[in-house]
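Student: When you line the first sequence up against the working numbering, it's residues 10 to 229, in that order.
Hints in this document: simulated from the structure, not taken from any laboratory. One or more hints might be untrue.
List time: in silico DMTMM-like cross-link candidates among lysine to aspartate or glutamate, alpha-carbon distance up to 20 Å [stated by the list, open to error]:
no., residue 1, residue 2
1, Lys212, Asp188
2, Lys61, Glu39
3, Lys149, Asp179
4, Lys149, Glu171
5, Lys132, Asp110
6, Lys99, Glu126
What you are looking at is a predicted structure, and each value in this text was computed from that prediction instead of being measured.
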Amino acid sequence: MLTNKLMQIHDLLLAAYGAQGWWPGSGCFETVVGAILTQNTNWANVEKAINKLKSANALDADKLYNMDQDTLAQLIRSAGYYNIKAGRLKNFLNWLYENYDGKLEALANMSVYSLREELLSVKGIGRETADSILLYAFDKPVFVIDTYTARVFIRHGLIEQEADYEQLRDLFESNLPADTKLYNEFHALIVQAGKKHCKPKPKCHGCPLESLPHETQQDY
DNA sequence: GACCAGGCACATC
DNA sequence: GATGTGCATGGT
């Protein structure tokens, strides 16, 4: 049963790394900003950008909505792709103000499906970012898929090499209880394992999952 | 210096 | 529909 396999992996990773506690009490808005800033970017660089925003007393929807885009870009410089990301933050804020009066609380009561579709309609918010916002900012039981998730599960032969984002998401959501806390930790643990052992060029030695079958040797 | 990071949109075939 | 490319700082 896949459920058991998934839980075995979760338990091995949890035993090895401990609870990751992603975005603990950061607040909804900060989490949304972080989700956009971390696109294809090391979290340490994102933290610097978030701290810059805090220092400027600007980590606030109203402040960012009214801020000049170039000024915002300079504040988030350390997160990389700063011009692109400043635009994406602006796209999100413009959408929030035009449709929801700038109130994140207005989103919390929406159905997961509706909110996901609406987030995806914002340019710069793709599937992983939308799902990260749903899970980590709004506590919705949505499993976040990222590069590491695909890499780890393909390399272990748990899903076909050609599997796309939705197939991977379905693998988790269909075989695990809809448990926000479980999804939160599990995704973070997979990322942690990926950082250490599942680089594009494999470094499997010492990985908590090393003893599990690697049914594919193909690079992903 | 090479490689990598908690993606996404867009162009082109 | 698949594949390629630009975006960019900062750590290892």
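Student: Decide, hint by hint, whether the structure agrees.
Tutor: Hint check results:
1. Lys212 <-> Asp188: Outside the cut-off at roughly 31 Å; violated.
2. Lys61 <-> Glu39: holds (12 Å)
3. Lys149 <-> Asp179: holds (15 Å)
4. Lys149 <-> Glu171: violated (27 Å)
5. Lys132 <-> Asp110: The given pair, whose Cα atoms are some 19 Å apart, holds under the 20 Å limit.
6. Lys99 <-> Glu126: Measuring from Cα to Cα gives roughly 18 Å; hence the hint holds.
The structure fails to meet hints 1 and 4 from the earlier list, while all remaining hints are met.
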